Amino acid sequence: MAKAKHTINDIQKALLSSTRYIKDEEAEETTLEQSGNAIKPTEAQVNIDPLVMKKIKILAPFEGVTTDELINKALNHYLRLKSLQLDKAVEKLTQE
Amino acid sequence: MANIISVINNKGGTGKTTTVLNLGAALSRKKKRVLLIDLDSQCNLTSAFGVDSNGVGIGELLIGKSDFSEVIKTKGKLSLLPASEKLLDYEFQLSNEPGREYMLREQLERVATNYDYIIIDCPPSLGTLSTNSLVAANHFIVPMQAENFAFIGLDRIMLISEKVKKRMNPDLELAGILFVKLDPRTKFSQAVIHSLSDNQNFKGKLFNTYLRQDISLMESGAFKQTIFEYAPKSRGADDYSDLAKEILKIYG
Chain A
1 MAKAKHTIND
11 IQKALLSSTR
21 YIKDEEAEET
31 TLEQSGNAIK
41 PTEAQVNIDP
51 LVMKKIKILA
61 PFEGVTTDEL
71 INKALNHYLR
81 LKSLQLDKAV
91 EKLTQE
Chain B
1001 MANIISVINN
1011 KGGTGKTTTV
1021 LNLGAALSRK
1031 KKRVLLIDLD
1041 SQCNLTSAFG
1051 VDSNGVGIGE
1061 LLIGKSDFSE
1071 VIKTKGKLSL
1081 LPASEKLLDY
1091 EFQLSNEPGR
1101 EYMLREQLER
1111 VATNYDYIII
1121 DCPPSLGTLS
1131 TNSLVAANHF
1141 IVPMQAENFA
1151 FIGLDRIMLI
1161 SEKVKKRMNP
1171 DLELAGILFV
1181 KLDPRTKFSQ
1191 AVIHSLSDNQ
1201 NFKGKLFNTY
1211 LRQDISLMES
1221 GAFKQTIFEY
1231 APKSRGADDY
1241 SDLAKEILKI
1251 YG
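Top line first, the protein sequences correspond to chains A and B. Be aware that the first sequence starts at 1, since it is given in my numbering, and climbs by one per residue. Be aware that the second sequence starts at 1001, since it is given in my numbering, and climbs by one per residue.
Same shape as in the complex, but just chain A:
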């Protein structure tokens, strides 16, 4: 089958269909007023404060990770801290 012939205009339309900045669209921004309820991410089973979630969404692209990955990373960090606290508490108890 012969290859379809496209004009420059057709190609431009196809190129622009996958863009946001170049197409001049506003980047998706949710305002705090819009997000009333706690947001549950798709993989982590935790309710997140909307303000915190908004910041995480901003931060994730800078870290080069998805929002879910960043949340899991933060949870992991927090749980490690909790684990250290537990170790210290046990250590203190055994000393007493």
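Any given hint could be a false lead.
[Claimed, not checked] Derived BS3-like pairs (lysine-lysine); straight-line CA-CA distance at most 27 Å:
{"id": "1", "chain 1": "A", "residue 1": "Lys-23", "chain 2": "B", "residue 2": "Lys-1077"}
{"id": "2", "chain 1": "A", "residue 1": "Lys-13", "chain 2": "B", "residue 2": "Lys-1181"}
{"id": "3", "chain 1": "B", "residue 1": "Lys-1224", "chain 2": "B", "residue 2": "Lys-1032"}
{"id": "4", "chain 1": "B", "residue 1": "Lys-1032", "chain 2": "A", "residue 2": "Lys-54"}
{"id": "5", "chain 1": "A", "residue 1": "Lys-55", "chain 2": "B", "residue 2": "Lys-1163"}
{"id": "6", "chain 1": "B", "residue 1": "Lys-1166", "chain 2": "B", "residue 2": "Lys-1203"}
{"id": "7", "chain 1": "B", "residue 1": "Lys-1166", "chain 2": "A", "residue 2": "Lys-57"}
{"id": "8", "chain 1": "A", "residue 1": "Lys-55", "chain 2": "B", "residue 2": "Lys-1166"}
{"id": "9", "chain 1": "A", "residue 1": "Lys-82", "chain 2": "A", "residue 2": "Lys-54"}
{"id": "10", "chain 1": "B", "residue 1": "Lys-1163", "chain 2": "B", "residue 2": "Lys-1032"}
{"id": "11", "chain 1": "A", "residue 1": "Lys-73", "chain 2": "A", "residue 2": "Lys-23"}
{"id": "12", "chain 1": "B", "residue 1": "Lys-1032", "chain 2": "A", "residue 2": "Lys-3"}
{"id": "13", "chain 1": "A", "residue 1": "Lys-73", "chain 2": "B", "residue 2": "Lys-1163"}
{"id": "14", "chain 1": "A", "residue 1": "Lys-55", "chain 2": "B", "residue 2": "Lys-1165"}
Treat the hints as calculated values from the structure; they're not laboratory data. As the structure is a computational prediction, the values presented were derived from the model and not from experiment.
Given chain A, work out where chain B should sit, using these hints.
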């Protein structure tokens, strides 16, 4: 005060390293004091400069293990802050550091008066190191081929750079889009160029100079030479010389 230019594209193989090395060399031939920075853990710029990537580099400088004088390498009028193979580990360490986006900027503020141009070779990703380069820079250049994925990549870089500009570096401006390996006769190339030149956001932001396909550019890197040392009469040498002239005309 140096004009700090980040050469960035999260797509690999777009000629970032070649552009940093040869634009730097072209500017130094115009009597400008130039510092190049290799922020890519693949260490290609470091290698093309003829520096061993097992030594200390920008990673050690960023985490405070080494100081500037220990890290910098000089070849003629061109200086380099090399990358070492450990840069990836340091990037991971930096990811837990408060204010990590500002660490390169802090280091460059100390030496910026010693240079006219500082040109940064970014890794092909938009992680901590690339963000550092955009926070430290006044301008950024996006080298790209006139093709679909590069076009989408450019869109992503512009979204990120807008955020960096808004939140961390209000001075950041797009210096220009540099087309590489361009064949302006093809319909597809023309569509890409029109899509950008007709767009208000890119008005005056496409360099008039574009890089033609030239095997000498690839060869020169392998022989650890700039295009001006390896093939001074090649198309690549002409193109990078024109690009330097265009940049000097804008920024002096």
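**Request:** Against the earlier hints, flag every one the structure doesn't satisfy and list their numbers going up.
**Result:** Violated hints: 1, 4, 10, 11, 12; rest satisfied.
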